[in-house]
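Novice: The chain contents come next:
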Amino acid sequence: MSSEQTLIAYTLRLADNALILSQRMVELVAAGPELEEELANANFALDFIGQARMFYAHAGHLEGQGRKEDDFAFMRDEHEFRNLLMLEQPNGHFGDALVRQYLFEAYYFHVLEALTKCSDHGLVEIAERAIKEVKYHLRHSSQWLIRLGDGTPLSHERAQQALNDLWRYTGEMFAVDEIDTSMQADHAGPDLAGIYQLWRDDVAATVAQATLTLPDDEWMASGGKQGQHSEHLGFILSEMQYLQRSFPGATW
Amino acid sequence: MVVDTCSKQQVLEWLANVPDPEIPVLSILDLGIVRGVEVDEVVTVTLTPTYSGCPATEAIEASVMDALKGHGVDEIVIHRALSPAWTTDWITVEGRRKLLEYGIAPPSPSLDIACPQCKSLKTELVSEFGSTACKASWRCCDCLEPFEYFKCL
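Going down the list, the protein sequences come from chains A and B. Counting in my numbering, the first sequence tops out at residue 252, every number present. Counting in my numbering, the second sequence tops out at residue 1153, every number present.
Source of the hints: derived by calculation from the structure; they are not laboratory data. A portion of the hints provided could be inaccurate.
Derived lysine-lysine pairs resembling DSBU-like cross-links, with alpha carbons at most 30 Å apart [stated by the list, open to error]:
1. B:Lys1069 x A:Lys132
2. B:Lys1098 x A:Lys135
3. B:Lys1122 x A:Lys117
4. A:Lys68 x B:Lys1122
5. A:Lys135 x A:Lys117
6. A:Lys135 x B:Lys1122
7. B:Lys1069 x A:Lys135
Computed from a predicted structure; not experimentally measured.
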């Protein structure tokens, strides 16, 4: 893979993460437990859609074959998506969705911070924009994790169960492959080993404050970054891509 | 349209009449999202989005197009600049005054948020989230009016 191809592939991973997570969050619209949460979720989902658009537009520009944001979002199949497996998991209950949000955002924040210092000008610009939003999201998700964990016996139990269930998907965020390696070497991209330490310290501190227990690192799922997905992604795409599949090129 | 028939100052005056779609009392100049105007063979307007997913971005670009076309400018380029990222520090003094008059507390680095109605400083946060991504919901403890606060970004 050339260094240009690495950059495109890496940018598409960022885009797919933002898009698939936002699609899961959109499923929660009008199902918020209270008005404040409803607004927060919808606004945050919009931030992720905006970030996905910027990353797709940048990938299309780098690729130079005229593919636009919509082509990436609506005209690719499961195996072409490179999002993390954690982000395509069903929303479950509020605690499940919230813990997923927290675990990803705690990682994404550090990735964006590293990207503000990478050598690709386009990614630097997007990361500088996005990090302001994610910093705010993270404040929200970490506060909720503490509130749920240190809340009632039931909320504590459910937050712990969500943490245990999702833990197996956290390894993929730090599983370095060829694209991560050359992104770091050729484009001064994120150092995932370093980010793992930062993430682990942040998560351990928040989990402790939430009176929850950090799960043991056992078997970790992986494959999303290489296009091998769980059965859930197909259902997400069939709903998300329905219109463009049925009426290709439709506009309104 | 070329230099001899339209000056940069004139374009800025026209843009001063383009409202922000979500807070129509503010013009896009008050909001600080117009980052540059170049008048050449074409008129180039550089805009920066407030938030990544701001649904108003396209609407604002279309309004700028319409406003300039309405003044006879045919060759228009709208450039979307992401960097430096927009900050509430770019809302002008005039913009802050208009926000307050409209009933929205303007962004403040301190947490002394004055009630836009009675000016009391005895106010409290109700929710960090409001009707749009850029606002939080507050309440005045004196006059009891709920109000929106434009968050610092």
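Novice: Each of the hints needs a verdict: does it hold here or not?
Specialist: So, going through the hints one by one against the coordinates:
1. B:Lys1069 x A:Lys132: violated (35 Å)
2. B:Lys1098 x A:Lys135: holds (29 Å)
3. B:Lys1122 x A:Lys117: violated (42 Å)
4. A:Lys68 x B:Lys1122: violated (50 Å)
5. A:Lys135 x A:Lys117: holds (17 Å)
6. A:Lys135 x B:Lys1122: holds (28 Å)
7. B:Lys1069 x A:Lys135: violated (39 Å)
Going through the hint list in order, the structure does not satisfy hints 1, 3, 4, 7.
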